[in-house]
Amino acid sequence: MALQRDNLWYKDAVIYQLHVRTFCDSNADGIGDFAGLTRRLDYLQGLGITAIWLLPFYPSPLRDDGYDIADYTSVHSSYGTLDDFKTFLEAAHSRGIRVIIEMVLNHTSDQHPWFKESRSSRDNPKRDWYVWSETDTGYQGVPIVFVDTETSNWAWDPISKSYYWHRFFSHQPDLNYDNPAVFEAVWDVMKFWLDIGVDGFRLDAVAFLVEREGTLCENLPETHAVIREIRKRLDISYPSTMLLAEANQWPADVRAYFGDGDEFHAAFHFPLMPRMFMAVKLEDRKPIIEILEQTPEIPETAQWFIFLRNHDELTLEMVTDIERDYMYDEYATDKTMRINRGIRRRLAPMMNNDRRRIELLNGLLMSMPGTPIVYYGDEIAMGDNIYLGDRNGVRTPMQWNSSLNAGFSSADPERLYAPVISNAVYGYQAVNVDAQTRSEHSLLLWMKSLIKVRNAFRVFGRGTMQFLTPSNHRVLAYVRQFEGQTVLVVNNLSNSAQAVELDVQRYKGYVPIEMFGRNLFPRFGNLPYLLTLGPYQFYWFQLRRL
Amino acid sequence: MRETILQALEQVYSNLVHMVAEFLPRFLVMLIIIAIGLLVAFIFKQMLRALLGLTKIDRVSEEAGASRFLRMAHLPAMSELLSRSIFWVTWLCFVLVGLSVLGVAGLQEQISRLFRFLPEIFVAIVILFLGAVIANFLSRTALLAAVNAGVRSARILSWSIRFVIWILAITMALEELGVARQTVVAAFSIVFGAAMLGLAIAFGLGGQDLARRSLERHLGDTKTENDKEPQPL
Amino acid sequence: MNVGEVDLLVGVSSRDAADTITHALGAIEQSFQQYFVRQRVVIVVVGSGDKDKRDGILEAASSAPSTRNPRQPGITSLRTIHRVTADFSSPPPPGVALRTVLAAADLLRARACAVLPPAANLSPSAVANLLKPAYHENFDFVAPLYKRHKFQGLLARNLLYPMSRAVFGCSIRELYSDEWGFSGRLASLCLNQDVWQEEAIRARPEAWMAISAIASDLRCCQTYLGEKSQPPTVAGSDIVEVLRQTVGNLFWCLEGNQSLWLDSQRSQEVPTFGPAHELTSETTELDPHRMFEMFRSGVTELEPILTVVLDPDTLVEIKNIVALPEGQFRFRPDLWVRTVYDFASSYHHAVINRAHLVQAFAPFYRGMTNSFLIEHSDSSPAEMEAASEMLCAEFELQKPYLRERWKANVEVKS
Numbered sequence: 351m352a353l354q355r356d357n358l359w360y361k362d363a364v365i366y367q368l369h370v371r372t373f374c375d376s377n378a379d380g381i382g383d384f385a386g387l388t389r390r391l392d393y394l395q396g397l398g399i400t401a402i403w404l405l406p407f408y409p410s411p412l413r414d415d416g417y418d419i420a421d422y423t424s425v426h427s428s429y430g431t432l433d434d435f436k437t438f439l440e441a442a443h444s445r446g447i448r449v450i451i452e453m454v455l456n457h458t459s460d461q462h463p464w465f466k467e468s469r470s471s472r473d474n475p476k477r478d479w480y481v482w483s484e485t486d487t488g489y490q491g492v493p494i495v496f497v498d499t500e501t502s503n504w505a506w507d508p509i510s511k512s513y514y515w516h517r518f519f520s521h522q523p524d525l526n527y528d529n530p531a532v533f534e535a536v537w538d539v540m541k542f543w544l545d546i547g548v549d550g551f552r553l554d555a556v557a558f559l560v561e562r563e564g565t566l567c568e569n570l571p572e573t574h575a576v577i578r579e580i581r582k583r584l585d586i587s588y589p590s591t592m593l594l595a596e597a598n599q600w601p602a603d604v605r606a607y608f609g610d611g612d613e614f615h616a617a618f619h620f621p622l623m624p625r626m627f628m629a630v631k632l633e634d635r636k637p638i639i640e641i642l643e644q645t646p647e648i649p650e651t652a653q654w655f656i657f658l659r660n661h662d663e664l665t666l667e668m669v670t671d672i673e674r675d676y677m678y679d680e681y682a683t684d685k686t687m688r689i690n691r692g693i694r695r696r697l698a699p700m701m702n703n704d705r706r707r708i709e710l711l712n713g714l715l716m717s718m719p720g721t722p723i724v725y726y727g728d729e730i731a732m733g734d735n736i737y738l739g740d741r742n743g744v745r746t747p748m749q750w751n752s753s754l755n756a757g758f759s760s761a762d763p764e765r766l767y768a769p770v771i772s773n774a775v776y777g778y779q780a781v782n783v784d785a786q787t788r789s790e791h792s793l794l795l796w797m798k799s800l801i802k803v804r805n806a807f808r809v810f811g812r813g814t815m816q817f818l819t820p821s822n823h824r825v826l827a828y829v830r831q832f833e834g835q836t837v838l839v840v841n842n843l844s845n846s847a848q849a850v851e852l853d854v855q856r857y858k859g860y861v862p863i864e865m866f867g868r869n870l871f872p873r874f875g876n877l878p879y880l881l882t883l884g885p886y887q888f889y890w891f892q893l894r895r896l
Numbered sequence: 007m008r009e010t011i012l013q014a015l016e017q018v019y020s021n022l023v024h025m026v027a028e029f030l031p032r033f034l035v036m037l038i039i040i041a042i043g044l045l046v047a048f049i050f051k052q053m054l055r056a057l058l059g060l061t062k063i064d065r066v067s068e069e070a071g072a073s074r075f076l077r078m079a080h081l082p083a084m085s086e087l088l089s090r091s092i093f094w095v096t097w098l099c100f101v102l103v104g105l106s107v108l109g110v111a112g113l114q115e116q117i118s119r120l121f122r123f124l125p126e127i128f129v130a131i132v133i134l135f136l137g138a139v140i141a142n143f144l145s146r147t148a149l150l151a152a153v154n155a156g157v158r159s160a161r162i163l164s165w166s167i168r169f170v171i172w173i174l175a176i177t178m179a180l181e182e183l184g185v186a187r188q189t190v191v192a193a194f195s196i197v198f199g200a201a202m203l204g205l206a207i208a209f210g211l212g213g214q215d216l217a218r219r220s221l222e223r224h225l226g227d228t229k230t231e232n233d234k235e236p237q238p239l
Numbered sequence: 063m064n065v066g067e068v069d070l071l072v073g074v075s076s077r078d079a080a081d082t083i084t085h086a087l088g089a090i091e092q093s094f095q096q097y098f099v100r101q102r103v104v105i106v107v108v109g110s111g112d113k114d115k116r117d118g119i120l121e122a123a124s125s126a127p128s129t130r131n132p133r134q135p136g137i138t139s140l141r142t143i144h145r146v147t148a149d150f151s152s153p154p155p156p157g158v159a160l161r162t163v164l165a166a167a168d169l170l171r172a173r174a175c176a177v178l179p180p181a182a183n184l185s186p187s188a189v190a191n192l193l194k195p196a197y198h199e200n201f202d203f204v205a206p207l208y209k210r211h212k213f214q215g216l217l218a219r220n221l222l223y224p225m226s227r228a229v230f231g232c233s234i235r236e237l238y239s240d241e242w243g244f245s246g247r248l249a250s251l252c253l254n255q256d257v258w259q260e261e262a263i264r265a266r267p268e269a270w271m272a273i274s275a276i277a278s279d280l281r282c283c284q285t286y287l288g289e290k291s292q293p294p295t296v297a298g299s300d301i302v303e304v305l306r307q308t309v310g311n312l313f314w315c316l317e318g319n320q321s322l323w324l325d326s327q328r329s330q331e332v333p334t335f336g337p338a339h340e341l342t343s344e345t346t347e348l349d350p351h352r353m354f355e356m357f358r359s360g361v362t363e364l365e366p367i368l369t370v371v372l373d374p375d376t377l378v379e380i381k382n383i384v385a386l387p388e389g390q391f392r393f394r395p396d397l398w399v400r401t402v403y404d405f406a407s408s409y410h411h412a413v414i415n416r417a418h419l420v421q422a423f424a425p426f427y428r429g430m431t432n433s434f435l436i437e438h439s440d441s442s443p444a445e446m447e448a449a450s451e452m453l454c455a456e457f458e459l460q461k462p463y464l465r466e467r468w469k470a471n472v473e474v475k476s
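If you read the protein sequences in the order shown, they are chains A, B and C.
Numbering-wise, the first sequence is residues 351 to 896 according to my numbering.
Numbering-wise, the second sequence is residues 7 to 239 according to my numbering.
Numbering-wise, the third sequence is residues 63 to 476 according to my numbering.
Treat the hints with care, since some could be wrong.
Selected chain B positions facing chain C (in silico; Cβ < 8 Å) [said to hold, decoys possible]: (1) R146; (2) L150; (3) Q237.
Some chain B residues well away from chain C (every beta-carbon gap over 10 Å; in silico) [claimed, not checked]: (4) L15; (5) E16; (6) V18; (7) I40; (8) L45; (9) I49; (10) K51; (11) I127; (12) I133; (13) F135; (14) F169; (15) I176; (16) S195; (17) V197.
If you are wondering where the hints come from, they were derived from the structure by calculation, not from laboratory data.
All of these numbers come straight from a predicted model, not from anything done at the bench.
Backbone N, C-alpha and C fix where the C-beta goes; we use that ideal spot for every residue, glycine too.
This is chain A alone, in the form it adopts within the complex:
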């Protein structure tokens, strides 16, 4: 099964997010690698996902989860070689799975040869590749991102005896995009990976590329110009490549990064995610409707990417203080579950392992407008380990079976990059791919069928969305429509049975077909359509004239 030619592939995709370190270890060193990942591609193909988003795998001192890149054109030795990567990529493509990789444009590691050269002397040709200053007083008023660890955006370089600019950690100097040579060098890096065959880039920290005095040095027009240039070159030479923006901002602000369809192809819809969790806890559709009504229109070719959980904390930046307190109180009662402004837990533990709620949230994710991202392990309801530092609690080894190290690695358990989950509820003995493949009722098999239904209908990725507003606010109902396809989704957000009367006057005469079993429901007539739903139950109906 080869890749289909479709430049809009990212609209219909179901993306699987993973870190190569966490997935499968082929050489018994306790760290996952590309060879291992390649071995597990059949599993991913079976799941039905159509793209993989890989977290950074570049050589790096790993002081910022690999986002401090020391070499843009190679693979970290723990994860294998560049050839291993090429093998993996080819194997993925042959299974119809595309690959999206991380690209950090804003900064490099201070271990990157470019920076080493740049700091070596004030007259080095690469001196201008970074932002240097004699004083630490430039760009006053620019906020500091990591306030816990950094006191200034300027850091003193003892070698060249001057200050360099960094928006993130002090070991991550910012590249100087006012220097055309930098842009060309970065483009060369992208070209390198494109020529190997990657299908898309997730561009990290795009808002901070260019600095200007007197501004907050964020979202500047010059930054947009850089992105437009990248997009222009991509469209000419690599038209099926996708650019995904990382911008944890309100949709109205992110909107600028879609340009007129000439900047990013896709961006994350950050505020929707906490509101899906909130809606289920509140048993009220209000948060979801409210945020989607505030979401601006985006260009034809652009797409929102939506997710439930990812490798970071469940971020609560994009909620009000009241909403954040509520989320904390409901989902992170234990203070150790909180980090920065978010919750460092996985989906299943947050849902108290309630299968019905996990299914409902996945059902929402797969039916909302946008491209869904599944975080590795969530398809089998993996647990987390909140006693590991930082966000490592949600980055434990994938649980393949009940054998040693959950089948992740044959190394000694002590050698693993992180201990596997082994508690009574979420431990690998109980929660693993093998067990769930054999159990007909497992979440894994259910997820497969869900993704299969989604993949069969383009309307989910590309369709318009229109809310129905029945008087029962515990029921969230919407109609998705694309070309000839019409789908009605009805979700019971509550823990009790609900009845709802839907106003389907517009679709009078249509027959709703339940999409998982292809069962016909009574035809829509003049009266409001009565549906009853069990706790956390949802229906997907294809509406057809029969």
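With chain A's structure known, arrange chains B and C on it following the hints.
For chains B and C alone, coordinates are given in the frame of chain A:
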């Protein structure tokens, strides 16, 4: 002679015996009827008492002010009064029926006359009673309304209303009894007219106040007397 | 009514007050958004006859655009705020409206409820203050407290409060008001009582509710609401009507809850949230002279009735003070209390029609008010409170007298 006397005595004796023989069973029948009547009347009384207890008639009569009237007349409570009257009426009927069995000439006719007149007397009593109750109630209503509206000579108003209703009730009762119909109607007309005139004069004097304030209120001078009182709640 | 279980329920009676209900609904919503962002809430509008008009109002209120700015976490509620209307062909009396609200509270298993008038100056904080004690502190009846003019609410001050406090042992200052809060527990309890056809309940259900709470050993409290909101239809203008609705109602409650006070004594601490009863004293235009005149003429004219209602000794004393010149006239507390107790027990024995009995009380209220206005024309709030406490003590002291008169067999008077 002796023979004749003896014969006569014998005749008298046999007549007497005959009469006694004839009367005694009737008398016994009468006694039995009266006794049964006593029993039936007692049962009626108990039944009515239970029934009235269920309908809470005492509460109603108290609310309507009838009880006070009864107390004033040293009568028992409403339910007791009604059940006692049913007892006596029932028993009286039985006694009269019993008496008629005796077959005493003349008595029969008197009794049937009484029977014919009984309902009219009863209705007249009821009319008078209701009249008293209504008069009492309405006169008090008027008195309280007038006092609380600050009307002077409230009591005259109250008394006039009571008087008029009494007159009306008495007239109706007499009419019912059929006593001198013409005279009664004429008398009533005269008294009623006089009462109305009196009322009109009383209102003319006492109601000035009321009329003035009512006018003030309607003509938009919202500053009524009540506004000068503090808000009670 | 597809609302499901709720935490908070607020009932508003629309009372044909089309213009003010819009404001009231807004204030209630704002209160939810400010103080109860997480709670499941519903507003029950008990509707008047004019359906079209009211629907228009509700539509306008509900379709108000969301002014919320996502970047400025302003006033918002996490959940949908529901509005439910209950239709009546004509404006229902308060008791019927309350029953509707109670039925809704029972159905939706509300934890805390409040009943509010469609007042134009209803404030969000007042709504919250009524709901909070029941929701957070598990109180079952929440009575309001107001800031008011010192000569306002004299009926409450001189009769309703001290008498209910003495009889039921529960010191709720504003037993009769248009707004109060209650728990879902009390709502269910009251709903299941067979009293809803009673005229007293239809007209004024709130005191009965408070007393029901006391009778069931549920907890009462008071909460400060600030200025008293004036409902659009002021029933306060007709003193006789007010007496019928309050004094008559209190006597009725006495009768219905004899077991509570006649042979036993209980008392309940009533905590107060917020500042206590506040008094202001700007000058107002009052006419004590007329009140005295009405008292004097009332006692004189009503004598035949009063001989039946009052104890002979009380009547003699009343006649004595009536005979005093206006300047020297004072209604002594002990005589006032005895008069009130005489009326209460005569109400119980129904010596005359009960409506008449309450009407006959009006002159005495005016007399007392006159006496009070003159005595306290220059009093400070503290002095007035002290006097109020003394009156309460007097009511308490003479309670045996009330019990004795209450239990006495009615003698026939002619």
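Quick rundown of the hints versus the structure:
1. R146: Since the shortest Cβ distance to chain C is 5 Å, the answer is holds.
2. L150: holds (4 Å)
3. Q237: At about 5 Å, which falls below the 8 Å cut-off, the nearest Cβ of chain C leaves the hint on Q237 of chain B intact, so it holds.
4. L15: For L15 of chain B, whose nearest Cβ neighbour in chain C is about 65 Å away, the distance exceeds 10 Å, so it holds.
5. E16: Its Cβ never comes within 10 Å of chain C, the nearest being 66 Å, so this holds.
6. V18: With a cut-off of 10 Å, V18 of chain B remains clear of chain C, as the shortest Cβ separation is near 61 Å.
7. I40: holds (35 Å)
8. L45: Holds, since 33 Å exceeds 10 Å.
9. I49: The assertion about I49 of chain B holds, with a minimum of 30 Å to chain C.
10. K51: Non-interface label stands for K51 of chain B: nearest chain C Cβ at 24 Å, farther than 10 Å.
11. I127: holds (26 Å)
12. I133: Nearest chain C Cβ is 22 Å from I133 of chain B, so the label holds.
13. F135: holds (17 Å)
14. F169: holds (15 Å)
15. I176: holds (21 Å)
16. S195: holds (30 Å)
17. V197: Per Cβ check, V197 of chain B is outside 10 Å of chain C; nearest 23 Å; holds.
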